[in-house]
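There are 2 protein chains.
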Amino acid sequence: MSEKYVYEFGDGTAEGKADMKLLLGGKGANLAEMSNLGVPVPAGFTISTDICAEYYKNNGKYSNEVKKQVEEGVTNVEKIMNAKFGDVNNPLLLSVRSGAPASMPGMMDTVLNLGLNENTIQGLIKNSGNERFGWDSYRRFVQMYGDVVLGMKPESKEEEDPFEIIIEEMKVKKAVQLDTELSANDLKELVSLFKIAIKNGTGKDFPTDPWEQLWGAISAVFGSWNNQRAITYRRLNSIPANWGTAINVQAMVFGNMGDDCATGVAFTRDPATGNRDFYGEYLINAQGEDVVAGIRTPQPINDSTKSDADQKTLEEVMPQPYAELEKIYQNLEKHYKDMQDIEFTIQKGKLWMLQTRNGKRTAAAAVRIAVEMFDEGLIDKETAVMRVEPEQLDQLLHPTFDPKAPKNVIAKGLPASPGAATGRIVFHADDAEEWAAKEENVILVRIETSPEDIGGMNVAKGILTARGGMTSHAAVVARGMGTCCVAGCSDISINYKNKEMIASGKAYKEGDWISLDGSKGEVIEGKVATVTPELSGNFGKLMSWADEFRRLNIRTNADTPHDSTVARNFGAEGIGLCRTEHMFFEGDRIKAVREMILADDEAGRRKALEKLLPYQKEDFYGIFKAMHDLPVTVRTLDPPLHEFLPHENENQQEMADEMGITLDEVKAKVDSLHEFNPMLGHRGCRLGITYPEITEMQARAIIEAACQLTKEGVKVFPEIMIPLTGTKAELANQKKIVKEIAAKVMQEQNVEVDYLVGTMIEIPRAALTADEVAEEAEFFSFGTNDLTQMAFGYSRDDAGKFLKEYLDRGILEEDPFQVLDQSGVGILVEMAVTKGRETKPDLKIGICGEHGGEPKSVGFCHRVGMDYVSCSPYRVPIARLAAAQEAIRTK
Amino acid sequence: MSEKYVYEFGDGTAEGKADMKLLLGGKGANLAEMSNLGVPVPAGFTISTDICAEYYKNNGKYSNEVKKQVEEGVTNVEKIMNAKFGDVNNPLLLSVRSGAPASMPGMMDTVLNLGLNENTIQGLIKNSGNERFGWDSYRRFVQMYGDVVLGMKPESKEEEDPFEIIIEEMKVKKAVQLDTELSANDLKELVSLFKIAIKNGTGKDFPTDPWEQLWGAISAVFGSWNNQRAITYRRLNSIPANWGTAINVQAMVFGNMGDDCATGVAFTRDPATGNRDFYGEYLINAQGEDVVAGIRTPQPINDSTKSDADQKTLEEVMPQPYAELEKIYQNLEKHYKDMQDIEFTIQKGKLWMLQTRNGKRTAAAAVRIAVEMFDEGLIDKETAVMRVEPEQLDQLLHPTFDPKAPKNVIAKGLPASPGAATGRIVFHADDAEEWAAKEENVILVRIETSPEDIGGMNVAKGILTARGGMTSHAAVVARGMGTCCVAGCSDISINYKNKEMIASGKAYKEGDWISLDGSKGEVIEGKVATVTPELSGNFGKLMSWADEFRRLNIRTNADTPHDSTVARNFGAEGIGLCRTEHMFFEGDRIKAVREMILADDEAGRRKALEKLLPYQKEDFYGIFKAMHDLPVTVRTLDPPLHEFLPHENENQQEMADEMGITLDEVKAKVDSLHEFNPMLGHRGCRLGITYPEITEMQARAIIEAACQLTKEGVKVFPEIMIPLTGTKAELANQKKIVKEIAAKVMQEQNVEVDYLVGTMIEIPRAALTADEVAEEAEFFSFGTNDLTQMAFGYSRDDAGKFLKEYLDRGILEEDPFQVLDQSGVGILVEMAVTKGRETKPDLKIGICGEHGGEPKSVGFCHRVGMDYVSCSPYRVPIARLAAAQEAIRTK
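Those protein sequence lines, which keep their order, are chains A and B. With my numbering applied, the first sequence covers 1 to 891. With my numbering applied, the second sequence covers 1001 to 1891.
Please note: incorrect hints may appear among the correct ones.
[Said to hold, decoys possible] Derived DSS-like pairs: lysine-lysine, alpha-carbon spacing no greater than 25 Å straight-line:
id, chain 1, residue 1, chain 2, residue 2
1, A, K17, A, K360
2, A, K497, B, K1667
3, A, K804, B, K1669
4, A, K153, A, K171
5, A, K669, B, K1804
6, B, K1669, A, K506
7, B, K1497, A, K667
8, B, K1667, A, K499
9, A, K412, A, K520
Hints listed in this document are in silico derivations from the structure and should not be mistaken for laboratory results.
Chain A with its partners taken away, still in its complex shape (with noise of 0.2 Å):
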């Protein structure tokens, strides 16, 4: 028995429908479900994909089965359309697309007008009684057929397709301007020339039998799979080769035959606000590339979609195929339970749907869309929640700019911080912080920040960076603090001394306007306007549905009071990351820090100590307060300590004063802390190991917050976290320590606190041996960041030499400090999960690094069962959404 290669379609029945997409690819399966619902479709067959594979297989050739059951296709269109293809005077002329299980679009080839020739054409002109559009029609398909059949296309983009050029001269001969005033006869001409041009450059002439243009188009489609764009595009989007893709054939109809022909595209619903109105546009006597081509302008199908008095729509130009449209758009919305993006074309009055999906559209639109499909009754809450992309709801947290402002772009970076902003540059933190306090708008442009700066990033609106990756201090911070930032643009070079940097060959002084998009990483010249989103009812509707299904708890990564409050109006149910030495820059702390650095022996420094332990206590009263109820993580001192050190000779000056000390003995410090590699070295709890009266304090000071708020009635939750363990023995260290303090601040204070003492697991050493590690931990939180700096043995301030690189030739398939390599650092997350809970069943286990707010992070950690994420308060509502997700996707 032969198998089934063909699948047809059209008059009213089909032998595919919706769900086989992997057979007959995206537009196939849906030409059959529209064809199956009685929708009018234009007749044909989809060669499905398996065929793509055997095509590659055999070199190019096709069994005579394949070709029996096209012929059998070909021959049911004829019949269905009552035309014949090769017909003199009633010819059949078939479309032939590709359409890939995924949507890639336009990047593998099409031919239309197929069927064409000497002799068809003049049934193409009898039947449609207009000499031009015939000719149009050949010329067209000679071209399409030449470049993308016979290889005329010139592989490199600045060549100039040859038969464009052949059209140019033609224009210039016959003194006009567009296409479209070519007559008839010059469309004719342009065939001939075409021709020529086809055998000199092929050495072959174009091919007159239909049969033969069949062929020849259905390979060179199946061989577009593989053209360097398909592949690119794949990779990007991680759809796998062996997919393939499927083939449909498809009679012609035409938009463009006369004035009671038309096109046009519409959407279900407005794709950018959600409305539930009917939404599209269309073109009297045209083609579908017409629409988008730009070159005349579209019209507004309906009253819903005229923004101007003068517009004819065309409910108004052709009621009887607009009231068709009309029936058939909600027929497809209510069938695919989804906005459908249409496209439809009606030739001589008469509506064909060429296709039908799911349309793209905006956050706010996807958001409202769920929403109110659920109160419709059409789909049930967990599709409500399925329907929206977690990453699309940063769109709706940050400001954006004008999508209608004209913008000029004058480099690229990292997407560090989404958001837009617009400002005056400055070059230091403390100019930002000057020019804050006199109520300016400013651009924090470093070409790398630190902990010392701080202050001036709080205050600026957007910060620029000329290094430094998605996880560079600038990127971290900026996203606690939601401000938009654009990271290691390596596009401007920045120069201090002289207050300036330049990009695109330009320079920008201090004080110049400068604008930035921090979700595209754009720099632009200049003011551009923003938009302030507002959250939406339905926003927090769909949000307490994401509630009801995720079984995560979705913590924030935040260092004061004010961001913790931000990240629990987002939903945060908990801080999963408190870096104390964020906050150890504050206003004189930081003389403190330095005094304890500067120490010869212990009790110089625990003497600086004993000056940190107010302001440390009065950080951790804040927090705790503001997240009442809530566990409050709080991580021990992790960078090493030059980082709390100036490093310019100006600021080392300014610190010797400060400490009446002189500059060569600062100059020894940072010297005598000077390290080859810091990401590996005295930092983490090596540091609370060598000087444990670092951790003395740190435990003292939560401790203390803790039973201060305990008195005052409020209920907090501490959990100590140690930074950087490697092994057991580390951490039993440091627990003992903290143990000792807690329990004599207790006894002092009189009261019990519930605390918790665990461990980062960053490094991979500790994953490797969490069954061990357990044994000392109360839980575990992974640092994914620097786990991923040691798996993969990449600094995350240095990788940008290569990572991009990486990513553009595909040894990467994505950034792994944006994305967790679930296949390889994910093996180590997976297995300190699994032998943390083979020594405690009950082990608390979550993720505090930037993964934790990426949606298919956020997933992985679903899967291998955390107990919660922490993220960016901005990022919370997107973690949230993502875990429910997963929650569903996985039930």
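Assemble the complex: chain A is given as a structure, and chain B must be docked to it using the hints.
Frame of chain A; chain B shown alone:
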């Protein structure tokens, strides 16, 4: 039924035996064994290690059953020794000694002469006929008991023993110099003063009841299992804390009762040379501790020990006991089948054996004894191979200091590369070369070394650095060269400008003489005579036996034909790591390398690489030739490019001049290549991927050299190794380049060469995804230096700041850069081996990190099923022996 806790011995019989070490401790088991053999051992009994656990469990209480068994033990000793515990006329005195399952020399406590009081002292005096002896014994007992049992010994080492202060006062009062000059009456007075001091210090009277004394001593010895130095010793020697110690209670015998008494120690063969001669020393009328104390010079026991005609041997002085001793030592050696270290005492002409154990010996002696004992038929070949500590062999391969030469150690650092060297200080590599050219022996002293210094390192007799660990550049290169090196010597401070270093508060200038002991990490003032070792025939024999047993192949890490030849002579079976970049600094090459780095585009880089090609080809030609018939693993470029640029102003100017560019241009390039964490930066295959032309050049050089040699009839097996692979795609990228170039070269040359393309496994992610990586790899080679750095998150250049403290505090048991961390990094290694072989069951797997020459790590490599280990040339014999021992151990 009551269990057995006490094991009696004496009078030619015993309840224990030699293989009961875990229960009876090493000393107790051997005392029992000797007794069983009929060797005269003072009667006694061993309290088993079980009671040590009981002691800690029950807070120092003993069950009635234990008490009963101890009392029975004493009764048995009384019977055999014909004396009575506590008896006035014929008192039995006891010794109470610790004895753990593993030797812990001097770590725990001992009490001698137990049973003395104001009554029994009379019996002792009477029976010995020696009043002074009696009071001296009593004095010693009270002092020892006071210190050990009653806690009179000060905790701090700085404070003097209170009893010693009393003795000193007495000596002043009596105007004598030595203890031995004190009279019986003086000693009697001391006893009284001691007792007063104890009463004052503890508030309690000195116990007079012998049973109270005995139980006090037993508890003190059990208690000493957990004193701080014992804990530290156990940690350093990996002795489990739960083993506990046994206690040996034994009748006292005295070598200090008069001139018919003596005491001594002996070895059944010469522990220095291995000579098959009975070898030992003794003292007339002395106690064991006097032999060690060095106040009196011990005498040779026999002619073969004699070094001076005037000396009186034991054989001459006490022929009868000596004859007995000779018979006993022969029996013991035959019985234990190993060289024995024995202690004996002659009391009034009667020989008593106090201890026997396997004797410590030099490497030379170990080799000789092992080989000769096999030749004598005493042991089999496997046992002979097991008898030599692999690490010991190092002594045989490097110069050592004359052990008799005086040494003034001025600083201590890490024993980075073994051997001894004497030379004049220079601070710059260039100076080293210059001075060496003038036939000066130089020691290169640097804060740290970099590849630029290679020339100077090559000619230096020794290398001293102030920074960097066991796997720092200086250490790795020095070991490769077999040059002695002390690294990370933070005791010294170096001032390049003044050309001086400060050590122990004294300045050492350029040209001053110092000496380095690379095996101990010592820096010594001035010249010290060195001894160059000779390899004996026995060494070769033992090595060839080792080769019969081992399964692992042993390769070497070598970058020059010279190193290759050295290693081959040591038995290397190939090169496991040839670092191509070490060649980049020789002669004119560095100029071409820098040209490449400075080039703005690929064309410029290719031009510079073309200049490098002939050099590289020449390098490989030489190495392949030296290693004919054996595989040579060549690693493509690994270090970041900035390592090839000068970092000091002066050298940058030099480079600028040489290359005809400005200093600013050089500085700009250095800046642009600067990395925050170069270890995790743009290096390894990341270079070969972003600059494929580098890999192309190297592949061409390798294959061209191989082709040329093949034509000359030399068999070559290049294995091209891609460094720093983290993903399969990286390896695929580089492999494709290599394969294409290789195919091209072989076609050009018209020769076929067998070669492989494989990868380092040194990035954790590569280990985690080894199944995927193996799809592209033709071999794996573990780079455990980097793997350790990344798994622990330790930069080997910076970890010095905390690693020492980690080791001191027991947070790490061993430096993971010296001994492979089997329980952490080892998990990654095992995963990679298992996963790699899942994909390719025959995958060739080796290790080329520094651990490849460390015996425990070699054992691990054997167990996880690697095919080979590769180590620096001078460690090849060590690896051969370690591999053989592990094969025997796991047979």
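Here's how the hints hold up against the structure:
1. Among the hinted pairs, K17 (chain A) with K360 (chain A) is consistent with the structure: their alpha-carbon atoms are about 22 Å apart, no more than 25 Å.
2. The suggested pairing of K497 (chain A) with K1667 (chain B) holds, with an alpha-carbon distance near 18 Å, which does not exceed 25 Å.
3. Restraint check for K804 (chain A) and K1669 (chain B): the C-alpha separation of about 20 Å stays at or below 25 Å, so the hint holds.
4. A threshold of 25 Å between alpha carbons decides the hint, and for K153 (chain A) with K171 (chain A) the separation of about 21 Å falls inside it, so the pair holds.
5. At most 25 Å may separate the alpha-carbon atoms for a hinted pair to count; K669 (chain A) and K1804 (chain B) meet this at roughly 20 Å.
6. Our distance criterion of 25 Å between C-alpha atoms is met by K1669 (chain B) and K506 (chain A), whose separation comes to about 23 Å.
7. With a CA separation close to 17 Å, the supplied pair K1497 (chain B) and K667 (chain A) stays within the 25 Å bound.
8. Restraint check: the Cα-Cα separation between K1667 (chain B) and K499 (chain A) comes to about 21 Å, which is no more than 25 Å; the hinted pair holds.
9. A hinted pair counts as satisfied when its Cα atoms are at most 25 Å apart, and K412 (chain A) with K520 (chain A) qualifies at roughly 8 Å.
Hint violations for this structure: none, all hints satisfied.
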